[in-house]
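There are 2 protein chains.
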Amino acid sequence: MGLRYQETLTLPFDMVDVKQELKIPGFLAYCLALSGRQSDLLGRGDKEIFEQYGLVWVVTDYEVDITRLPRYQETVTIETEAISYNKFFCYRTFHIYDEAGELLIKILAYFVLIDFETRKVSPVPEELIAPYQSERVKKVARAPKYDTLEEALEQEREVRYFDIDLNGHVNNSKYLEWMYESLEYEFLITHRPTYFQLKYIKEVAPEALVTTKVVVENGVSQHEIWSNGQLNAQGMIKWGSRDDSKQ
Amino acid sequence: MGLRYQETLTLPFDMVDVKQELKIPGFLAYCLALSGRQSDLLGRGDKEIFEQYGLVWVVTDYEVDITRLPRYQETVTIETEAISYNKFFCYRTFHIYDEAGELLIKILAYFVLIDFETRKVSPVPEELIAPYQSERVKKVARAPKYDTLEEALEQEREVRYFDIDLNGHVNNSKYLEWMYESLEYEFLITHRPTYFQLKYIKEVAPEALVTTKVVVENGVSQHEIWSNGQLNAQGMIKWGSRDDSKQ
Chain A
1 MGLRYQETLT LPFDMVDVKQ ELKIPGFLAY CLALSGRQSD LLGRGDKEIF
51 EQYGLVWVVT DYEVDITRLP RYQETVTIET EAISYNKFFC YRTFHIYDEA
101 GELLIKILAY FVLIDFETRK VSPVPEELIA PYQSERVKKV ARAPKYDTLE
151 EALEQEREVR YFDIDLNGHV NNSKYLEWMY ESLEYEFLIT HRPTYFQLKY
201 IKEVAPEALV TTKVVVENGV SQHEIWSNGQ LNAQGMIKWG SRDDSKQ
Chain B
1 MGLRYQETLT LPFDMVDVKQ ELKIPGFLAY CLALSGRQSD LLGRGDKEIF
51 EQYGLVWVVT DYEVDITRLP RYQETVTIET EAISYNKFFC YRTFHIYDEA
101 GELLIKILAY FVLIDFETRK VSPVPEELIA PYQSERVKKV ARAPKYDTLE
151 EALEQEREVR YFDIDLNGHV NNSKYLEWMY ESLEYEFLIT HRPTYFQLKY
201 IKEVAPEALV TTKVVVENGV SQHEIWSNGQ LNAQGMIKWG SRDDSKQ
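Chains A and B supply the protein sequences, listed in that same order.
Counting with UniProt numbering, you get residues 1 to 247 for the letters of the first sequence.
Counting with UniProt numbering, you get residues 1 to 247 for the letters of the second sequence.
Chain A extracted, bound-state conformation:
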C-alpha cells in the first residue's frame, strides 16, 4: 500500500459535456496534474526528477471502470495512490467517490520513467520512488491486449495548436478525445462508457495529419490512432445505452 493523497472537486461547467456529465478525456489530464501535486508534496515533482535524474514520467496504459459519471456541480473526492512498482513499471490508481462514498470511477495507470536524452525506458531508482511507500513487486502487470482492426472506418484530422502540451507533443488526453469523436454525435449522446482501456505507443508531433480508425460492434468500440504510417495509440471502450440507466 502506498501513501494516499486526495482532493475534492465540484464539477464546473467546463468539465462536463452536453449531457452534463464529466468529460473523461480532459479528466485524465486533471488526474495526472493531481498526482503531480502529491509528488510535489513528497519532493518528487516533475522538475526535481528531471533536474536530479534526467528522467520524465510517461503513461503507457490506462484501464478505467466507470460505474457512474459524476454530473455538473456534483462534488467528488479523488483519491490517488502509487500502489506498486517493479524494475520498470509503476502502477497508480485513482478512485473517484461521490458524496455518499460510492465508488464512481476507478482508474489504473501504468507509468514508466524515460531518460530525456536517450528517450529509453529507465529502471526505477529506489530512492526516487521511496517517498510514495509503494510496494515493490516482482511481477509485471499484464497491460490489456488489443485486437487488430479490420474494415475500420477511417477519418483524417489535423493536429491543432492546443492539442500540443508543454512536452511539445500531442497531450495524452487528446487521443481519447479523438477516439470519442470518431463516433457519431447521435451515438455519443445516447450512450455512456462503462469501461475503457488505452495504450500509448508513440507520441504524435505538432502539425501532424492523424488517421483515426474505429470499429463498433456489440456495444464495444475499438480504436487506433495513426500518423505517418505509425500506430500511435490503441483503445477499446465498452458502452451502455443511456436508456438502460436509472439516472
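Some hints could be false.
Because identical chains cannot be distinguished in the list, a pair is counted as satisfied if it fits within a single copy or across any two copies.
[What the hints assert, rightly or not] For lysine-lysine, the following DSSO-like pairs were computed, each having C-alpha atoms within a straight-line distance of at most 30 Å: (1) Lys120 with Lys19; (2) Lys19 with Lys202; (3) Lys139 with Lys106; (4) Lys19 with Lys47.
Treat the hints as calculated values from the structure; they're not laboratory data.
None of the values given here were measured: they were computed from a predicted structure.
Following the hints, position chain B against chain A.
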C-alpha cells in the same frame, strides 16, 4: 463598486500550452465558472435564476488586456467583480495578479440575461442583481467595433462532440480557440497576444460545419466565425513578437 470575489490558482500542465504559458481560450471558461461560484455564494447561481426567473446569463463581448501570460506552476490570484449594470447589460471584470501583485491580465466581460423560452434579452431584475452591489449606470458601454473582413483566408472545420457544452451549443471559449488555430503553428509559437476582443453574435449548433476567416496585418489578426451563411462571432487579436519580450 461591486462585491469582489477571489481565488488563487496554481497553473497545472493541462492549463498551459507548448510554450508553458496559460491557454487563454480555456481560461475564459475557467473564469466564468469562478464567477459562477461567487453567484452561488450570493444565492444567485445559474440554477436559482433559471428556476426563479426563467433567465440564463449570456456573454456578448470580451475585451482583454494581457501584460504577461502566467506560466506553468505559477500561482495567480483571480479577482472578479460585477462592476456595473444598466437596463440590459451587466459588466464584470476579472483581474489576474501574480504573486508580486503585478496585474497580468484584465478581462472585461459584457453579459445579458436571456429569457430561456423566448430567447429574447430580458431587462435586468433589480432584486436579481442587488446582492452583487454593482453600480447602476445609465450609460451603455460601447462594445468594441469590428472591421468587415476582405480577402480573408478561409478554412472549414467540423464542430466536434466536446465543443458542445451543457447548454447544447458550442462553448464560448471554443470560438477563441478556433481563431487562434486559424493562424499558423509557426506564428503562434513565435508570438504572444497582448490584447484581444471578441463578439458573440449567434450560437453554433452541434454537428455544424464552421468556416473561420482570418486576415493578419501589422501584428493584428482579425477573425470571423461563420456557419450556415450566418456570422456567429467576430474577434481581433493584437500580437507581440516573443523575441521582443524580456521574459
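Give me the numbers of the hints this structure contradicts, sorted from smallest to largest.
Violated: none.
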